[in-house]
Amino acid sequence: MVRRPHALAVVLACVIAVVTVVSALVLDLPIRDPDGIAGPSYVRLPGIIAVFFCLDIVPRALMRTRRIAGFGPAAVAVLRERWTPSRFRLVMTGLLSFYACYVGYRNLKGFLPFVREGLADEELTQLDHALMLGGDPAAVLHNLLGTGFAAHALSWAYVSYLVFVPVSLAAALVWSRDIGRGFYYVTALCINWVVGAASYFLLPSLGPAFAHPQDFADLPVTGVARLQQGLANSRLDVLADPFATSSLQGIAGFASLHVSVVFSAALIAHRLGLLPLLRGALWSYLGLTLVSTIYFGWHYVLDDVAGLAIGWFAAWLASVATERGLASATVTATADTPALLSRP
Numbered sequence: 147m148v149r150r151p152h153a154l155a156v157v158l159a160c161v162i163a164v165v166t167v168v169s170a171l172v173l174d175l176p177i178r179d180p181d182g183i184a185g186p187s188y189v190r191l192p193g194i195i196a197v198f199f200c201l202d203i204v205p206r207a208l209m210r211t212r213r214i215a216g217f218g219p220a221a222v223a224v225l226r227e228r229w230t231p232s233r234f235r236l237v238m239t240g241l242l243s244f245y246a247c248y249v250g251y252r253n254l255k256g257f258l259p260f261v262r263e264g265l266a267d268e269e270l271t272q273l274d275h276a277l278m279l280g281g282d283p284a285a286v287l288h289n290l291l292g293t294g295f296a297a298h299a300l301s302w303a304y305v306s307y308l309v310f311v312p313v314s315l316a317a318a319l320v321w322s323r324d325i326g327r328g329f330y331y332v333t334a335l336c337i338n339w340v341v342g343a344a345s346y347f348l349l350p351s352l353g354p355a356f357a358h359p360q361d362f363a364d365l366p367v368t369g370v371a372r373l374q375q376g377l378a379n380s381r382l383d384v385l386a387d388p389f390a391t392s393s394l395q396g397i398a399g400f401a402s403l404h405v406s407v408v409f410s411a412a413l414i415a416h417r418l419g420l421l422p423l424l425r426g427a428l429w430s431y432l433g434l435t436l437v438s439t440i441y442f443g444w445h446y447v448l449d450d451v452a453g454l455a456i457g458w459f460a461a462w463l464a465s466v467a468t469e470r471g472l473a474s475a476t477v478t479a480t481a482d483t484p485a486l487l488s489r490p
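Residue numbers for the sequence shown follow our numbering, so the first one is 147 and each next one is one higher.
Don't read these hints as lab results, they were simulated from the structure. Check before you lean on any hint, since a few could be wrong.
The following label-pair restraints were derived from C-beta to C-beta distances [unchecked claim]: (1) Gly433 <-> Leu385: 33 to 39 Å; (2) Leu291 <-> Val172: 41 to 47 Å; (3) Ala386 <-> Leu423: 47 to 53 Å; (4) His275 <-> Ser392: 19 to 25 Å; (5) Leu423 <-> Asp179: 32 to 38 Å.
Quick caveat: nothing in here was measured; it's all calculated off a predicted structure. Glycine included, every Cβ here is placed at the ideal spot set by N, Cα and C.
Kindly produce the complete structure, drawing on both the sequences and the hints.
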């Protein structure tokens, strides 16, 4: 198994699936599919994969022929070269592993209030104030950046994470000429979900916006504000009767998985030597994510620090787990197959 780049992702998927099912049975709680803004993830993820599949085949076929009549044979040739049965199986394995880990992570996060009653928000608030010499990190950002344009820009950056994860997953699985490199990122995502779920139980908290909503009352209505209100409503519904709603409880502060996942993505892109523009965009995105988590009160400073630690650990362990696979799972590229995300 150590020579297979997908081994750790599959193992993590199986482990978290078992833990989730056993936890649901012991706690007498339902297991829910974590719906997203674009519909259920079991529909959304294959749809994104299908789009990237077309983007992988169509441009390459067009490069081979300038005649409309020749597009079909060219597409078939590219399909046979790029999408062997073994590659297709590996892509589906990566997709299913990610989905199992993500569903397990979201459900275990939802079980948190039924397992841990105490919250560490007051202690984390005191730590934030101590780090800011008596001030509040969110208030400092509000005064520094303002609460107008900055709020809407940071809201867009934060909410875009909901699209970033499935799109980056699809790009890694479909566009990687070396499927082992794709599993490098998939495995890191799976590790983030598993370790992140464990961190919620280690130090349960709500986050500043939910523990002290009055501190964020002056912010304008943005996508983040609507998302926070939706999460608060879902939490109340689940706590009232978890079987009477299809929603999941989705509020947990420590640690920040937004930060950990984006940090893992930036580290992996840097190590793989992807396009400088892409690497720069990911590091910039990480900076915006860090600022937005504090600005909107999603997280305390320690949450973000823990997120960085989890992101680094996930990237490191995924590298160790897939390093041999990088050499053994290479998908042969043809002369007209450019490295879409890497240097020539």
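Checked hints:
Against the hinted window of 33 to 39 Å, the Cβ-Cβ separation of Gly433 and Leu385 comes to about 35 Å, which satisfies the hint. At about 45 Å, the beta-carbon gap between Leu291 and Val172 stays in the expected band of 41 to 47 Å. About 48 Å separates the C-beta atoms of Ala386 and Leu423, a value consistent with the hinted range of 47 to 53 Å. As the Cβ distance of His275 to Ser392 is approximately 39 Å, the hint placing it in 19 to 25 Å is violated.
Our hint of 32 to 38 Å for Leu423 and Asp179 holds, since their Cβ atoms are close to 36 Å apart.
Of the numbered hints given earlier, the model fails hint 4 alone.
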